[in-house]
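Asker: Input sequences plus hints: build the corresponding full structure.
Line by line, the protein sequences are chains A and B.
Numbering (my numbering) for the first sequence: 1 to 289.
Numbering (my numbering) for the second sequence: 290 to 553.
I should point out that these hints are in silico values taken from the structure, not numbers from a laboratory.
All of these numbers come straight from a predicted model, not from anything done at the bench.
Keep in mind that a hint or two might mislead.
[What the hints assert, rightly or not] Computed list of chain A residues with no C-beta within reach of chain B, every gap over 10 Å:
| hint | residue |
| --- | --- |
| 1 | T33 |
| 2 | T53 |
| 3 | E91 |
| 4 | L115 |
| 5 | S117 |
| 6 | I144 |
| 7 | T154 |
| 8 | K180 |
| 9 | L213 |
| 10 | R237 |
| 11 | Y249 |
| 12 | L265 |
| 13 | I273 |
| 14 | S275 |
[To be verified] Just a few of them, taken from the derived set where beta-carbon distance is under 8 Å, the chain A residues facing chain B:
| hint | residue |
| --- | --- |
| 15 | G18 |
| 16 | L21 |
| 17 | F61 |
| 18 | I83 |
| 19 | A85 |
| 20 | I87 |
| 21 | R97 |
| 22 | F106 |
| 23 | L127 |
| 24 | F227 |
| 25 | I232 |
| 26 | Y246 |
| 27 | G258 |
| 28 | V270 |
| 29 | I271 |
Beta carbons are placed, not taken as given, at the ideal position from N, Cα and C, and that holds for glycine.
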Amino acid sequence: MAEGGSPGSRPYWLSAPGLVLFATLLGVPLFTTLMLSFYSFDYATGGIQTDFTPANYLEIFQDSYFHLIFGRTFGVALLVTLICALIGAPEAYILARMRNPWKSLFLLVILGPLLISVIVRTLGWALLLGSKGAISEGLQMLGIISDPISLMFTTTGMVIALVHVLVPFMVLSVWASLQKLDLQTEDAALTLGASRFTVLRRVVLPQIMPGILSGSLIVFALTASAFATPSIIGGRRLKVVATTAYDEYLSTLNWPLGAAIAVVLLVANVIAITSYNRMVERRYAKIFE
Amino acid sequence: MRRNGWPEMLFHGLFVIFILAPIVAVFVVSFTDKGYLSVPTDGPSLRWFRAILDYPGFIDAFWMSLYLGLASATLATLLAIPAASAIARYRFPGRGMISAFFMSPLMIPHIVLGVSFLKFFSDIGISGTFFGIMLAHVVLITPYALRLVLSSITGLPRDAEQAAATLGAPPFTVFRRVTLPLILPGIVGGWMLAFITSFDEVTMSIFVASPETMTLPVRMYHHIAQTIDPLIASISTVLIVMTLIMMIILDRLYGLDRLLVGKG
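Answerer: As structure tokens, then:
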């Protein structure tokens with residue numbers, strides 16, 4: 001730009017090292033895995049046949065076992081996204097209206113867990129959700145239940161832990177959109193006689209909606225492909241797509257089927273992200289025209 | 290601006306309890322004096338922290354994660370700096386595609402990266418090696434480094450660089466003496482975010498690590514999949530404390546919200 005005229009080959013030389021690395025280490029492995037997904041696995045010999053067949057994909061799309069797993073994964077992802085939006089957005093709004101030092105302190109408390117290993121956070125939930133955990137003991141003490149309950153290996157437990165792992169992304173995303181919002185527009189609306197509820201609905205919500213939408217996208221994509229938390233909290237009993245692919249690779253050793261599951265997950269994720277982006281863009285293009 | 294009323298503060302209180310509950314649970318259990326999971330009743334005991342030293346597997350895994358994070362974050366940042374200056378400074382055919390390509394690992398589920406690297410590395414004969422895992426981590430974390438370096442270069446006024454160039458400094462000197470010091474906070478922030486992401490990564494690393502090159506989160510995952518005991522809680526507590534220290538440094542240095550916007 002500032003060099004004037006054509007930049008020539010300079011930008012290509014500058015990005016070349018990264019591009020070469022990415023092409024070899026991203027392009028080639030993904031293509032190899034795509035090829036692998038069309039091969040077949042011989043259970044008798046444990047070998048991989050390099051024939052070219054859509055059999056693995058037909059199995060995934062026809063077998064009710066895989067319908068259950070994909071249904072559970074995307075169902076949980078939708079539920080987690082919804083809960084994150086319902087609790088994360090109000091929390092971000094409350095944070096934005098706090099004063100320092102409380103504002104910075106609680107922002108640190110809520111965003112900090114993003115830096116703590118997901119294994120550690122999931123371990124915490126495993127401790128809380130078990131039959132001797134704080135939730136079971138607490139509910140017994142309050143007299144709500146009489147016998148110990150365990151939320152380990154249940155969908156409820158999995159959803160609670162996933163919401164905890166992912167809600168900071170929602171708070172962060174809404175927080176970022178609140179930074180651009182002029183909180184005085186609320187005062188203006190109130191002065192003009194709008195009720196508090198009307199202010200929230202007509203003034204605040206439309207302004208933070210882009211933040212909620214982009215936060216939802218991040219939360220959905222990350223939940224749909226989550227591995228560690230569903231694996232520890234859900235165990236073998238509640239398999240999701242990522243844990244199923246893991247088992248095909250490292251227990252059954254049926255790499256071709258595992259590869260096909262991975263490809264379906266990747267394609268579903270990319271379709272979800274791009275169509276969602278397009279939908280959001282169209283909606284907001286209308287508003288800002 | 291309106292203040293928060295009591296319903297808001299109640300909601301906020303419950304939210305904070307929810308966020309802190311599992312972390313506090315790990316912390317409390319790790320101080321137990323019993324041989325099984327329980328809340329310490331007769332005062333805190335350091336028994337399970339001393340026990341960590343008897344498990345060289347976890348100690349080795351810690352060093353492995355540390356070296357891996359240092360090496361891959363440094364490599365990723367070195368790739369990100371020239372790429373970011375190309376994307377921020379020039380308009381050229383393919384610019385949008387190149388930048389989307391660099392960001393693409395963010396869109397790919399880690400499990401997909403893991404299985405792809407597993408196959409690729411065993412094909413070329415570097416499966417389970419430190420070199421292989423490092424390359425995999427570089428791909429994974431480059432987008433984080435790139436994003437923060439990119440935002441710091443984009444916001445940079447060009448006057449100082451032009452002044453230096455006019456006064457006869459060769460392009461590399463301009464970069465080293467003028468540009469680099471100005472974008473250093475972005476580089477440091479990007480490096481740190483890349484390091485943390487590498488250090489914490491578990492899903493992809495499970496596929497590329499061998500027993501000799503196992504990272505700490507991978508070893509912890511395998512341990513938890515077998516049994517949950519006070520030992521794993523005490524290891525987790527050590528990690529929580531280390532993360533806490535780093536978090537405070539990062540917040541002072543950069544602002545946690547500004548840094549983490551790049552993580553999504």
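Asker: Run every hint past the structure and note whether it holds.
Answerer: Hint-by-hint comparison with the structure:
Residue placement check: T33(A) does not keep its beta carbon more than 10 Å from all beta carbons of chain B (closest about 4 Å). With a least beta-carbon separation of about 18 Å from chain B, T53(A) lies farther than 10 Å from that chain, consistent with its non-interface assignment. A cut-off of 10 Å between C-beta atoms contradicts the statement that E91(A) is not in contact with chain B; the least separation is 5 Å. Here L115(A) does not stay apart from chain B, with its beta-carbon only about 5 Å from theirs, under the 10 Å limit.
Not every beta carbon of chain B lies more than 10 Å from that of S117(A), the smallest distance being close to 5 Å; the non-interface claim is violated. In this structure I144(A) is separated from chain B by more than 10 Å, as the shortest Cβ-Cβ distance comes to about 17 Å. Consistency note on T154(A): stated as away from chain B, and its beta-carbon is indeed over 10 Å from all of that chain's, at 16 Å minimum. Distance check for K180(A) against chain B: the nearest CB is about 12 Å away, which clears 10 Å, and the non-interface claim stands.
Against chain B, the non-interface label of L213(A) holds: every CB pair exceeds 10 Å, the least being about 12 Å. For R237(A), the shortest C-beta to C-beta distance to chain B comes to about 13 Å, beyond the 10 Å cut-off, and the non-interface label holds. A beta-carbon of chain B comes within 10 Å of the beta-carbon of Y249(A); the shortest separation is about 6 Å. Residue-level check failed: L265(A) sits 6 Å from the nearest beta carbon of chain B, not beyond 10 Å.
Some Cβ of chain B comes within 10 Å of the Cβ of I273(A); the nearest lies about 6 Å off, and the non-interface call is violated. Here S275(A) stays apart from chain B, with its beta-carbon at least about 13 Å from theirs, past the 10 Å limit. The criterion of a C-beta within 8 Å of any C-beta in chain B is met by G18(A), whose closest approach is roughly 4 Å, and the hint holds. Contact between L21(A) and chain B, as hinted, is supported at the beta carbon level, the nearest pair being about 7 Å apart and thus within 8 Å.
Of the supplied interface hints, the one on F61(A) is violated, with its beta-carbon coming no nearer than about 18 Å to a beta-carbon of chain B, more than 8 Å. The criterion of a C-beta within 8 Å of any C-beta in chain B is not met by I83(A), whose closest approach is roughly 11 Å, and the hint is violated. Among the interface hints, the one on A85(A) is violated; its C-beta lies about 14 Å from the nearest C-beta in chain B, farther than the 8 Å criterion. For I87(A), the interface hint holds, since its Cβ comes within 8 Å of a Cβ in chain B; the closest pair sits about 6 Å apart.
Proximity of R97(A) to chain B holds as hinted, the smallest CB-CB distance being about 5 Å (cut-off 8 Å). For F106(A), the interface hint holds, since its Cβ comes within 8 Å of a Cβ in chain B; the closest pair sits about 7 Å apart. At a threshold of 8 Å, the smallest CB-CB gap from L127(A) to chain B is about 4 Å, leaving the interface hint in force. Among the interface hints, the one on F227(A) holds; its C-beta lies about 4 Å from the nearest C-beta in chain B, closer than the 8 Å criterion.
Against a cut-off of 8 Å between C-beta atoms, the interface hint on I232(A) holds, since the closest Cβ of chain B lies about 6 Å away. Satisfaction of the interface hint for Y246(A) is found here, the shortest Cβ-Cβ separation to chain B being roughly 7 Å, below the 8 Å cut-off. Interface restraint check: G258(A) against chain B, minimum CB-CB distance 6 Å, threshold 8 Å, status holds. At about 6 Å, the closest approach between the beta carbon of V270(A) and any beta carbon in chain B falls short of 8 Å, and the interface hint on this residue holds.
At a threshold of 8 Å, the smallest CB-CB gap from I271(A) to chain B is about 11 Å, leaving the interface hint violated.
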